[in-house]
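Chains D and B supply the protein sequences, listed in that same order.
Just so you know, we're using my numbering here: the first sequence kicks off at 1 and counts up by one.
Just so you know, we're using my numbering here: the second sequence kicks off at 1 and counts up by one.
Keep in mind that the hints were calculated from the coordinates and are not lab data.
We put the CB at the ideal spot given by N, CA and C, even for glycine.
Treat the hints with care, since some could be wrong.
[To be verified] Per the computed footprint, the stretches of chain B lying under chain D, defined by three or more beta-carbons under 8 Å from a beta-carbon of chain D, are:
| id | region |
| --- | --- |
| 1 | 84 to 92 |
| 2 | 214 to 221 |
[As the list claims (entries may be wrong)] Chain B residues, not near chain D, derived (Cβ > 10 Å throughout):
| id | residue |
| --- | --- |
| 3 | A54 |
| 4 | G62 |
| 5 | A156 |
| 6 | D209 |
Here is how the chains run, residue by residue.
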Amino acid sequence: MKKLSKNNVWMLIAFAVAVILPNTTKSSSVLQIMVVTMMYAFFTTAWNISGGYAGQLGLGNGVYIGIGAYITGILFNELHVSPWFGLLAGGVFAAIISLGMGSFTFKLQGTYYSLATVALLAILRIFLNENRYIMGWDFGGPAGLKTKWLGVSFQNMQFMDKRIYYYIALGFLMISLLACWHTSRSKSGYYFRAIDTNQEAAASLGVNVMQYKLQAQFISALLMGMGGGFYVAFYQFIDTETMFNFELSFQTMLMAVIGGRATVFGPAVAACLLIPFNELLRRYFGTALPGLPMLLYGLILMATIQFMPQGVIPFISEKLERRKAGERARLPINGPEPGAETKGEANTDE
Amino acid sequence: MNERDIVLEAKKIEKRFGGLKAIDDFSLHLYKGEILGLIGPNGAGKTTMFNIIAGSFPATLGEIYVDGKLVNKPQSHQMARMGVARTYQIVRPFSNLTVLENTMVGAFLNTGNTETARRKAREILAILKLEGKADIRGKDLTLIDLKRMEVARALATEPRILLLDEVIAGLNPTGRDMVIEMISGIRETMGVSIIIIEHVMKAVMKLCDRIYVLNQGKLIAEGAPLEISSNEAVIQSYLGVKKHAEN
Ligand SMILES: Nc1ncnc2c1ncn2[C@@H]1O[C@H](COP(=O)(O)OP(=O)(O)OP(=O)(O)O)[C@@H](O)[C@H]1O
Ligand SMILES: [Mg+2]
């Protein structure tokens, strides 16, 4: 119980810092970074359920963010649907698309699903570039979709004060962290991780692999689609280039991999470290050295995979565990045979 | 034991891998509460038979019946739900999960509640004397413990039929005795019917009520341990070779 309350204390401190943080600055650009950080922490935590726990490295999963963003934006512009409802619609729509994609690609291999989402990115980008008007609604084509400014209003999710966006994003992050936390200790979470490590063994224990993969994907897509709705409300502008390029998907995945897939807080922590770093780089070197942020990202990723293949958070917590367990871990707990995968060949001795 | 109750039956199974007939017109049945042995030389088709019974892949021909009911296009997770659990000759642990968590994945078959699953898993680990390793991750286990963990995981699904693929081979004599004891314990306390694939003859003779001998996919003998060990065909194709090697 002591250990548990210690963790709770850390969580409370982190939460308190997150709440106070936007009040420590008046700079609009610093606030901007804070909002973006929260938003990405939310994206990557949402990705973590299917990509982390269930181990489906969805390379094009950002497509669900784009779908949510476009649906929220178009519903607002054309039908004056509040983004609060728009983002729900966007999330549900994205989740349904993910079910459709999953049901015909999961029968093959995990990679096909991943490739299918990447293909969907390209298809949507081209389709929206070529078709500015769909059912008479203006999606903006290659020029992008700008949401109408109707003045500060909670219902329209339009604010001058960026702190409000920050708190909304923080709220979403909390929801996705809760979803992850709940997943990690529920039956689904155990099944997801089992599927991730050994699909066949999972099936032999009664896990309907297809059903649980779809479930993981559904939750991630739902949350990411909702995040897309927030994205468009915050930026008040989206275009096919930013929503349906590979980078958004890639970053989302990268933060989770670096922070620790299948850990509740790892991806969000990585986002809190990497996004400000990335934004600062972009601000100061962006025009002079446009490739630099991506290059550094690549280096950080390589270093993580080399030295902490499970991600930063599991690496640290394992270290701490080891230190605490100290002597117990050093005792010879195991018998003579070390190799696990080696097969006991036909035994003719005895 | 009621010898009339057949819990599992495989009828006229054939399995082809390309040109190779791994199983050729083989039938078996398993009585309730029985420990059945499936033996034969390497490549005889024993593991292939388990894969068919457990629904890992379909047979080319033939049918599987559980409790007298035909199973249409058996799939792994469905077979598990019908009460068939198995271990793998080449172990397939969830290596990032602990022994307890591995076992919980099995226990979740009959509950949606994490605490219930954890309690059930602990019970199973206690029965198999694995409690001491509950918090060790799959990737840090030795082969013996991995095999025992697979048994724990399978038992946690509360099966009625258990398929054990070479859980004894590769162990030292003390390990063997321990696992032999474990297997008869499972039958006694849990009322599970068991099929074991094993090359260690002493164990097979000691544990099994009945034995099937396969060679190149075909049945060459079926009967009680004593009948099998004196069967000419079996000695010729399998035991003779082993006797020779044992001396
Ligand atoms: N998935 C597969 N694809 C192709 N051939 C296979 C496959 N599985 C098994 N075989 C072949 O089928 C035959 C029977 O193999 P199986 O693994 O069932 O033998 P076994 O009796 O379990 O042998 P051992 O005692 O060595 O474990 C072998 O010739 C093997 O090479
Ligand atoms: Mg085999």
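Structure-based check of all given hints:
1. 84 to 92: holds (count 7)
2. 214 to 221: violated (count 0)
3. A54: 6 Å, violated
4. G62: The assertion about G62/B holds, with a minimum of 20 Å to chain D.
5. A156: 8 Å, violated
6. D209: Holds, since 21 Å exceeds 10 Å.
Taken one by one, the earlier hints fail for this structure at numbers 2, 3 and 5, listed in ascending order.
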